[in-house]
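Student: The residues making up each chain are set out below.
There are 2 protein chains.
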Amino acid sequence: MERQDMILNLHGESPSGANITVLNAEEAFLPTLFTLHTRFPKLRIILEHCTSAAAIEAVKTCGPTVAATLTAHHLFLTVDDWASDPFCFCKPVAKLPSDREALLRTAASGNPKFFLGTDSAPHPVAAKRGGSDGKGKTAAGVFTQPYATQLVLDALELGCEKGVLDAQQITPEILEGFLGGFGRAFYRSGGAGSERITLRKSDETIIDILSREGNSVEVVPFRRGQNTWSVSWV
Amino acid sequence: MERQDMILNLHGESPSGANITVLNAEEAFLPTLFTLHTRFPKLRIILEHCTSAAAIEAVKTCGPTVAATLTAHHLFLTVDDWASDPFCFCKPVAKLPSDREALLRTAASGNPKFFLGTDSAPHPVAAKRGGSDGKGKTAAGVFTQPYATQLVLDALELGCEKGVLDAQQITPEILEGFLGGFGRAFYRSGGAGSERITLRKSDETIIDILSREGNSVEVVPFRRGQNTWSVSWV
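Residue numbers (our numbering), protein chains in the order written: chain A, 1 to 234; chain B, 1 to 234.
Same shape as in the complex, but just chain A (with noise of 0.2 Å):
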């Protein structure tokens, strides 16, 4: 891959063993990160949809082939919150409130070697609530994407009501540098063409579930229900 001049795209999490779990699979895969950008420098390798502050750090001491991706609702989430709603399991697992401080502020910084990786996972109702006969294990996934950019907004701007994140620092080219300038870079896709997204505070609300006339599948879109910033294409 290297020499072809490849991506790698990392799911990046150690198989639960005796001492990992969950909560520690990422981090435990870290040296196994740090193994392949040693063996292979020029290997660009991006560590997709990272949760935590020990991936962010890992990231960051890595060459400037190494990036990762941040997911909009890991920026929401910690470990309560999934525990008790299958619509915020995902894999990897959300995991404290400092590693969500963590993303938070790496999203905010500008710091092209991270960018907005959606991860969305529009598994079916059923699916979420143990198939069927509602006795199977819950899908492991989140449903993002009709409101991806705007929930971003809507983390940033909840870490500065927070005092998380100072919001004289998020600038509109971190902004546009986040949800798409640098991953561009990162891939070589060339410029932004002429295609835009227009992102205005307004009130619109996510709506409760998603579903298409004539099919009995239905989807429910993480944070169903809040307000959100609302996007439009130009």
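These are computed hints drawn from the structure, not numbers from a lab.
Cβ coordinates follow ideal geometry from the N, Cα and C atoms, glycine included.
Please note that the accuracy of each hint is not assured.
Beyond 12 Å from chain B on every Cβ pair, some chain A residues (computed) [as the list claims (entries may be wrong)]:
1. M1
2. R3
3. S16
4. E57
5. S120
6. A140
7. E173
8. I174
9. D203
Below, in silico cross-link-like pairs of lysine-lysine (DSS-like), each with a Cα-Cα straight-line distance of 27 Å or less [stated by the list, open to error]:
10. K137(B) with K91(A)
11. K137(A) with K113(B)
12. K135(B) with K135(A)
13. K137(A) with K42(B)
Label pairs and their computed distance ranges (CB to CB) [what the hints assert, rightly or not]:
14. N227(B) with S211(A): 38 to 46 Å
15. A192(A) with G131(B): 54 to 62 Å
16. N19(B) with K42(A): 36 to 44 Å
17. R224(B) with A167(A): 46 to 54 Å
18. S132(A) with R39(B): 53 to 61 Å
Since the structure of chain A is provided, determine the placement of chain B on it from the hints.
Tutor: Only chain B this time, still in chain A's reference frame:
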């Protein structure tokens, strides 16, 4: 309560907050346990359904007026189990593999400060699956009641198989104490009376679902479909 010689039964968790989640809520409560015990040294206190190595150590540190109960299900579970299975989700949540091992060793130790308290919670399937529309929170609780004593033996057996426990050291006296005698002694509720249970190794299987004729409520038992010991009452 101390003057009246009443027992204080505690669900020992601090509320979630900036640095407290379901993962450390029990450990965060332990200073309060110490304060209560110091102020009221003769007050009998039971730290109910304790789930962490830290809580076990705290109860050992206190005088003989402080005891704790362990549930059958916490002898099996870690965070990985309840992450994707609502029928393994309860409060306090199951913690790390090292915590589970501490609970197993304690149950098998013969220390009379620790005894079985089932905390069995027969939530209907619908409540474990987000209510009538499947979009609400997951009710916290694990249903073990028909199998409580049998599950303890299953857990100890598993602990022996995995090398956590030494089968030679688990005597009938230890089992009888953990399942009944230690609790009766702490409650000062007198001798065992004439009622007895007999536990036998057989090929019994835990039922898939508990329901009652003419009643639509269904409850899923912990470890449904797994082999277990058999119990008979004499």
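Student: Each hint should be assessed against the structure and marked as holding or not.
Tutor: Status of each hint after checking the structure:
no. : hint                             : in the structure
1   : M1                               : holds, 31 Å
2   : R3                               : holds, 38 Å
3   : S16                              : violated, 5 Å
4   : E57                              : holds, 19 Å
5   : S120                             : holds, 18 Å
6   : A140                             : violated, 7 Å
7   : E173                             : holds, 31 Å
8   : I174                             : holds, 26 Å
9   : D203                             : holds, 22 Å
10  : K137(B) with K91(A)              : holds, 19 Å
11  : K137(A) with K113(B)             : violated, 36 Å
12  : K135(B) with K135(A)             : holds, 16 Å
13  : K137(A) with K42(B)              : violated, 46 Å
14  : N227(B) with S211(A): 38 to 46 Å : holds, 42 Å
15  : A192(A) with G131(B): 54 to 62 Å : violated, 45 Å
16  : N19(B) with K42(A): 36 to 44 Å   : holds, 41 Å
17  : R224(B) with A167(A): 46 to 54 Å : holds, 51 Å
18  : S132(A) with R39(B): 53 to 61 Å  : holds, 54 Å
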